[in-house]
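Now for the letters of each chain:
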Amino acid sequence: MGTLLELKQVTAGYDGDPVLRNVSFCVEELDFVGITGPNGGGKTTLLKVILGLLKPSGGTVAFSVPRRDLFGYLPQQNTFDKQFPLTVEDVVLSGLLSEKGIWKRYTRDDRSRAGALLEQYGLGSYRNTPIGELSGGQAQRAFLCRAVIASPRVLVLDEPTTYVDAGFEREFYDLLPALNRKHTILMVSHDWDAIRSYGKTVLRVDREVQEIHV
Amino acid sequence: MAELLQYTFFQHALAATVLVGIVCGLVGTYIVARRMVFISGGITHASFGGLGLAWYLGFPPIAGAALFSVLSALGIHCLSRRQRVREDSLIGIFWSAGMAIGILFIYLTPGYAPDLISYLFGNVLTVTRPQIWLIFGFCCVTLLFFVLFYRPLFYTAFDREYARTHTFPGYVPEIGVTLLIALTIVLSLKLAGIILILSYLTIPQAIASLFSKDFKRQLWISPVVCVFVSVTGLFLSALLNIPSGAVIVVCLLLVFAALWLLRLLKPSAR
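Going down the list, the sequences are from chains L and A. As numbered in the numbering used here, the first sequence has no gaps in its residue numbers, which increase by one up to the final residue, 214. As numbered in the numbering used here, the second sequence has no gaps in its residue numbers, which increase by one up to the final residue, 270.
Calculated directly from the structure, the hints in this document are not laboratory data. Any given hint could turn out to be false.
Distance condition first, Cα-Cα at most 25 Å in a straight line; then the derived SDA-like pairs of lysine to any residue [said to hold, decoys possible]:
| # | chain 1 | residue 1 | chain 2 | residue 2 |
| --- | --- | --- | --- | --- |
| 1 | A | K213 | L | D110 |
| 2 | A | K216 | A | P110 |
| 3 | A | K266 | L | D110 |
| 4 | L | K104 | L | L134 |
| 5 | A | K213 | L | V19 |
| 6 | L | K82 | A | Y171 |
| 7 | A | K216 | A | R164 |
Which stretches of chain A does chain L cover? Using the computed rule of at least three CB atoms under 8 Å from a CB of chain L, they are [unchecked claim]:
| # | region |
| --- | --- |
| 8 | 154 to 164 |
| 9 | 201 to 215 |
Ideal placement from N, C-alpha and C gives every residue a C-beta, glycine not left out.
Isolated chain L (complex conformation) (with noise of 0.2 Å):
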């Protein structure tokens, strides 16, 4: 198994104001990263440093294939406008956006794939309903739905439990192993006995990184 992307000596931060500094590390394909850390302590700094939205002002983040296709990325649940008027498939659907660019249409099978997805995840029912009509666990469900159809090397899940109920959050867990199975994982939380159990590398970030054996 080969190395997907790796941080060199990584300095990262706000208004000149460092948040991470000299990171270094490799994620490896198929691997369970699990971040934890206190808060500010630069867990969503890395993540975006990772997934190309904040410039690192120091050091090189490597990746051995393009990083358009390399991520599926399941964001916080709290960050969605609930009033958007966006359907649940359109949601799905809005994870094959790099694949299809500005102006290629969706085919029947890209439909398909999100029909099939949101069947797999239980959301069968919902398909055209609108996004901010379904419950927390639901919608998280369905941004999974977004995360994994263009079948990303890497699944990024920033604290993918917040904000939703205990059911859907073993739910959720319950997913992770299958997951694992197509998908690198790279997933923050605080929720230390999920990142006991699911991480295969264990990394604590508090300014600086720190790998954990667990």
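Chain L is already provided as a structure; the job is to place chain A on it using the hints.
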């Protein structure tokens, strides 16, 4: 009513109302979905600075309004993206600066400026044939833009950060729609005026959202509603001899209120 259609000025007014209705319906759907109503208010009022300056310098006021409108739209968009200044502060700055510049130059221009009043409150009956062709061309560009870009446009609007993780060039449709918003506002000034234009960009969309929560459907319901109600309002204003812009806005409000009440009274909506 048939008699009204024999007058050239009314034919022009009717054509402009239909075309502006289509454009405002489409662009407004994006504005409301993106919660950009306040930004649009800022751009609208900033355009008044251009009107005043062009009037002072002897240029066509609409050209000055277009320049200020585009510059303020791009200014708010770019400066807020850099996150140095809060977006609502920027809107307030452009809003008040535009109005101040406009008032100052109108004061400095000798004589009375009756034409500027039609830009404040709208007077669609004064639309000329070249202006209709201009609005027609812009309407075609807007339709084409939404046909080509509606999908990436709305997906980027829904979750910009997610789009960026796909290295998607979200700025292409974003800059495009920012320019469209600015020019829509300018070309609609004759119909609604600076004071009333926001109603054209929000009420038809509010009506459309009573029927559907899907942007694809809202994209056609909203222009249909806008055109239908605006044309009704135009005829009413001509028959009653009262200002068209205000009548159209009142008609839009009445339709919204009636449909909203009907929806409340429907047992399934409770």
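Hints, verified against the model:
{"no.": "1", "hint": "A/K213 with L/D110", "verdict": "holds (22 Å)"}
{"no.": "2", "hint": "A/K216 with A/P110", "verdict": "violated (50 Å)"}
{"no.": "3", "hint": "A/K266 with L/D110", "verdict": "violated (37 Å)"}
{"no.": "4", "hint": "L/K104 with L/L134", "verdict": "violated (29 Å)"}
{"no.": "5", "hint": "A/K213 with L/V19", "verdict": "violated (40 Å)"}
{"no.": "6", "hint": "L/K82 with A/Y171", "verdict": "holds (23 Å)"}
{"no.": "7", "hint": "A/K216 with A/R164", "verdict": "holds (23 Å)"}
{"no.": "8", "hint": "154 to 164", "verdict": "holds (count 9)"}
{"no.": "9", "hint": "201 to 215", "verdict": "holds (count 5)"}
Checked against the numbered hints given earlier, this structure breaks hints 2, 3, 4 and 5; the rest are met.
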